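Protein chains: 2
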Amino acid sequence: MARIVMKFGGTSMAGIERIRSVARRVKREVDAGNQVAVVVSAMAGETDRLVGFCKEASPLADPREYDVVVASGEQVTSGLLAIALQAAGVPARSWMGWQLPIRTSSAHASARIEAIETAELNTSLSKGEVAVVPGFQGLAEGGGISTLGRGGSDTSAVALAAAVKADRCDIYTDVDGVYTTDPRIVPRAQKLKRVTYEEMLELASVGAKVLQTRSVGLAMKEGVRVQVLSSFDDPDAAPMADTLPGTMIVGDDEIGDDMERQLITGIAHDKNEAKVTLTDVPDKPGAVAAIFSPLADLSINVDMIIQNIAHNSGSTDVTFTVPQAELARALDALDKAKDAIGFAGIVHDTKVAKISIVGVGMRSHAGVASTMFSALADRGINIQAISTSEIKVSVLIEEDYTELAVRVLHTAYGLDGAESASG
Amino acid sequence: MARIVMKFGGTSMAGIERIRSVARRVKREVDAGNQVAVVVSAMAGETDRLVGFCKEASPLADPREYDVVVASGEQVTSGLLAIALQAAGVPARSWMGWQLPIRTSSAHASARIEAIETAELNTSLSKGEVAVVPGFQGLAEGGGISTLGRGGSDTSAVALAAAVKADRCDIYTDVDGVYTTDPRIVPRAQKLKRVTYEEMLELASVGAKVLQTRSVGLAMKEGVRVQVLSSFDDPDAAPMADTLPGTMIVGDDEIGDDMERQLITGIAHDKNEAKVTLTDVPDKPGAVAAIFSPLADLSINVDMIIQNIAHNSGSTDVTFTVPQAELARALDALDKAKDAIGFAGIVHDTKVAKISIVGVGMRSHAGVASTMFSALADRGINIQAISTSEIKVSVLIEEDYTELAVRVLHTAYGLDGAESASG
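Order-wise, the sequence lines are chains A and B.
The working numbering puts the first residue of the first sequence at 806, with every later residue one more than the last.
The working numbering puts the first residue of the second sequence at 806, with every later residue one more than the last.
Worth flagging that the hints you see were computed from the coordinates, not collected in a lab.
Just so you know, these numbers come straight off a predicted model, no measurement behind them.
There could be a bad hint or two in this list.
Same chains, same label: a pair holds when it works inside one copy or across any pair of copies.
What the hints assert, rightly or not - Computed cross-link-like contacts, DSS-like style, restricted to lysine-lysine with a CA-CA straight-line distance of at most 30 Å:
| hint | residue 1 | residue 2 |
| --- | --- | --- |
| 1 | LYS832 | LYS860 |
| 2 | LYS1014 | LYS996 |
| 3 | LYS1014 | LYS1026 |
| 4 | LYS860 | LYS932 |
| 5 | LYS832 | LYS970 |
| 6 | LYS832 | LYS932 |
Working from the sequences, and respecting the hints, build out all of it.
What follows is the structure in structure tokens.
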């Protein structure tokens, strides 16, 4: 017997037929003797609909009231799944965020979970009742409904798993695990049996959007074993989740002795960055701070930064990337700060892609990056910028070369498996 | 300065443009110096959508979870109206049923309001904040979300008005008041300035569906002055609600000296009844109880009852009416009890209509009913059954004569006004 948290996204909850399918999957776990808490998203499209209402009512909707509106999507699916479970003969009840409660900060629309009270919930789980908990929502300090920001349901699931000391948190999604790279680009991409929290964080942050980054960070902090697995298999015929058919996200210690593991775990790509270059920035103390302070004030996330060595003239070019969605605001802020910074001009380019190699094996092996640079150079792919972390090397290239670069690197690091039938 | 509760139905909340129109109307009351609490319904169609989901998930959905699902509709409109009010420069916040809380019984899906806690709410209202409260929902004993049953938002509004000691409860609806009869049948129907609670109860229960019966009963018990008025007038140009442009529903004392008031206040009709006749029922003690006990067990509401005098044979016919929606269940129950009751046959007829004259003036005037009977007889309209209460006389007639009967009676009791332009 295990205690597990199961999480289902919006696609899995889109309509009663699918909710019934989720109920069958939950029933299998209950029938196998497990205690189960389920975290659900709103029906696919519903949160967008509700957010649209709020924006239409006011472009600057009060976040407190925004939360009242958008939290309703998960409320609906929680109740419906409880009904479907009962109809399938499984004792079940829903618990709203304010009922448990899931206590959060008062930062409405982007609240952080602070604590989950579990006394009543544990009693209910121990009696064999399935708990259905809406993702994405909580009870703010002050007593209002709060939400965690888009994609927050993964975080809800991991936080709940930590709170009830679950043996596993199974995240059912529209892929059947985490792959060495995007299988749509590389048909020979292989599903990873295990990936570390840190690798998953790097993969998620560079575009492999299987899990919300925040939820992975929380799982790492709380030591929650998270499995990513498919919600699209036939719920009655799929392998049981405790046979670990998906990808387990675990601590370093659990993969320490995996001899078959490659040096590089995965190749990620991200086309959502924009490159900005400020030309002829004075090469003096404080110049860089003058550039990035106004961006930080707007919470614009700056990623890769390259500062060339100073020209003879005593000035330099500074290049960095920001999310494309933030580009207009970034350019505006920089333009306003032009005199303070003292640059000559701004050049920007959205036709770029960031390609990253990720793997904890990098820590103990030198020369990993040079394989990357050579492989790209052999195909004539020009590197515009480089950034590195302990377990990741990222390069910025021209967007048109994205797929080629991913394929080249996938092969170069020995990640190609057998070609899959679905190719 | 007054404290008022304003209630808007689903049609008024159907879409952001209409919600903004509601916000303008609320703002006018605030600008006039009033303290305002607003009770809102879900967007038109939304409750049906949510109920449909529940029924699809299980024909016998757990009422507790059903409430979790369907209460979300009013949650959404409450948040949206608060946002729209703020955008219009009016301080506002929403209060969910569980936040105030509005305490209800634990009869999920058809809960009764037991108490509304108002300490925090009064503080907020006194500061000039508009309170937006979702109708139809509350907090059940035991801590779950409850709903009051369909149409419960009127009841929420009246209960809230009683709890905050409001000077008036304005119910905005798709008609501009209560009329002497259905203006679609009688273009010369006149809007009533005032109607008593009891008259309104009788009018509502016989088909003039302006207000939910339950809310009128509560208003009478709590002495809440309720005004029915139009939500379709231009919100910026409509007469102010404190000029009483709609129909006020008040106690007997407030209309005691209204010399212009007619003897009869209104004529109602109801085509939703079915007539059932049991033939040759034994004329012995307990026979009638044997008929109506099985119907009472099924909560089938029996209205008019006529028992003819016994035939020479020692048996009699018993005729009564039930709602058409309940007819099949009623016939089934009676058929099962046939031996116990001992009747010979069942005849039923859905082509009937109940026509009622209603007015508190009836109490002090004899001969009111005979005017009705003569007027109908003059036009050859046959009366199949009669029932009376202190302030109402109802007759059952063939359905095809409904409109004719209403027109004849409207004229007979002197209710015709000037022909309205809209006819």
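Status of the hints after comparison with the structure:
{"no.": "1", "hint": "LYS832 - LYS860", "result": "between (39 Å within a copy, 20 Å between copies)"}
{"no.": "2", "hint": "LYS1014 - LYS996", "result": "within (15 Å within a copy, 62 Å between copies)"}
{"no.": "3", "hint": "LYS1014 - LYS1026", "result": "within (20 Å within a copy, 59 Å between copies)"}
{"no.": "4", "hint": "LYS860 - LYS932", "result": "between (43 Å within a copy, 27 Å between copies)"}
{"no.": "5", "hint": "LYS832 - LYS970", "result": "within (21 Å within a copy, 50 Å between copies)"}
{"no.": "6", "hint": "LYS832 - LYS932", "result": "within (15 Å within a copy, 51 Å between copies)"}
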